[in-house]
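Undergrad: Start counting the first sequence at 748; every next residue gets the next number (the working numbering).
Incorrect hints may appear among the rest.
What the hints assert, rightly or not - Cut-off 20 Å, straight-line C-alpha distance, at most; resulting in silico cross-link-like pairs (SDA-like, lysine to any residue): (1) Lys-1159 to Ser-1086; (2) Lys-887 to Val-866; (3) Lys-847 to Val-866; (4) Lys-847 to Thr-911; (5) Lys-1007 to Arg-1028.
Hints in this document: simulated from the structure, not taken from any laboratory.
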Amino acid sequence: MTSVLDELTWRGLVANSTDEDALRAHLDAGPVTFYVGFDPTAPSIHFGNLVQLIVARHLQDAGHKPIILVGGSTGMIGDPKDSGERTLNSKETVAEWVDKIRSQVVRYVSFEGDNAAVVVNNLDWTGPMPVLDFLRTIGKHFPVNRMLARDVVRNRLEEGISYTEFSYVLLQSMDYLELFRRYGCTLQFGGSDQWGNITAGVELVRRADGARVHALATPLLTKADGTKFGKTESGTVWLDPLMTSPYAFHQFFLNAEDSKVIEYLKVFSRRSRAEIEDLARQTELDPHRRAAQKALADDVTALVHSEAERDAAIAAASAVFGRAELSDLPESTIAQVVSEIGAVELAADTSLPGVVDVLEASGVVPSRSAARRAIAEGGAYLNNLRVTDPDAVLSEADLLHGRYVITRRGKKTVGAAVIRHS
RNA sequence: GGCAGGUUGCCCGAGUGGCCAAAGGGAGCAGACUGUAAAUCUGCCGGCUCAGCCUACGUUGGUUCGAACCCAACACCUGCCA
């Protein structure tokens, strides 16, 4: 049996680690308690966090015990990022986000059995700590000269960094020490952008308690052009279905580039090496069938949402992108598509609305000006038929089953409206 | 606290009284070509009741026929000095 570390490495999930041989020996020697943290910087975890959750799942499946930390205290400070000082969120907001994130992460690990997962909040030990204790027991282990040398800090010296953000690393390090003491936690992992914070924790445990603990970093996933994978035109891909619909989520993965899709499949899918290698072959021989993209989108949507949501997303996509005339589809199919992609309700009192209004209301364009522009460019569609006249008004013949209209801009942006006759 | 510089559209950045909805670049969008891929070429890229009008160049007020551009106060940012 291959070790879990080899499995993670093959899947491209290891960007960096502390002494690899020592870590491998440690993992092979028996169940290891490990931790990964999520800071509440938004009301939902996002696509980038998914990689950590998947690594946690792999480790738990291999018999190790997960601690999922939600950063109730670190979220109130904010880790330094290159783009500049963060705005502090109120304590109430952070507390609210902690709850939301806690309810999301539980989906990805098991709370059953010998190695059941534990969810903790670092505010529990950071909150009550007196500042003098903090400075004496934690601060004493952090040489400022070393802290200043860290990339994240050095990049900020020009434009400035507050003491608050400068201190972030101490809090995260303290988490590792606390979890080591409370639970015997000996492995922390996180995104490679967290590597500095993670290794600082390893060092603190060594200095404070003389123990050797370990660390892993997952890579930052990029697109073929080198930019971050996980953003779309409309922003971050969230895991909360209310923030990013399962349909949009499915589409996001379906549009993965050929040159990257196998890499993503290794990371996000549970498929075996043989299956993935087969999909890689198919992508090379028959790229237009996009078998790997479909497998990726289906797998991730089922994992994050549900199999039912995955099936609904597939059905909606095949209706919108398929060759079938939308007007030929039965009402039940249209109704399902409309609910999957999300529809606005429009009241038609005396007359039906104009196409510009429908395009704007259904959300495929941000403004009426943009709707006119899209029509002029030939990129606006109603029920898969190109719109040519910006002043056109809907007629009864444009309504599917008397009330539905499917709008589209370009190839990929779809919306829908339901007309309510009064 | 003192001195100097800065604040322009999603981002970077030009513009120092009318020709400015504001150069250029990036990002983004659409069309063509495709496979809901990449690359390439072309067009678009504040809003609207769209051949016209409205809103915008940190905020507020002023000068002027006319201000992103001049003046004043304020706010915030950066650097140097204390």
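Undergrad: Evaluate each hint against the coordinates.
TA: Going through the hints against the structure:
For the hint linking Lys-1159 to Ser-1086, the alpha-carbon distance of about 17 Å falls within 20 Å, and the restraint holds. Of the supplied pair hints, the one linking Lys-887 and Val-866 is violated, its CA atoms being roughly 29 Å apart against a limit of 20 Å. Proximity of Lys-847 to Val-866 is assessed by CA-CA distance (about 13 Å); at most 20 Å being required, the pair is judged to hold. A threshold of 20 Å between alpha carbons decides the hint, and for Lys-847 with Thr-911 the separation of about 25 Å lies outside it, so the pair is violated.
At most 20 Å may separate the alpha-carbon atoms for a hinted pair to count; Lys-1007 and Arg-1028 meet this at roughly 14 Å.
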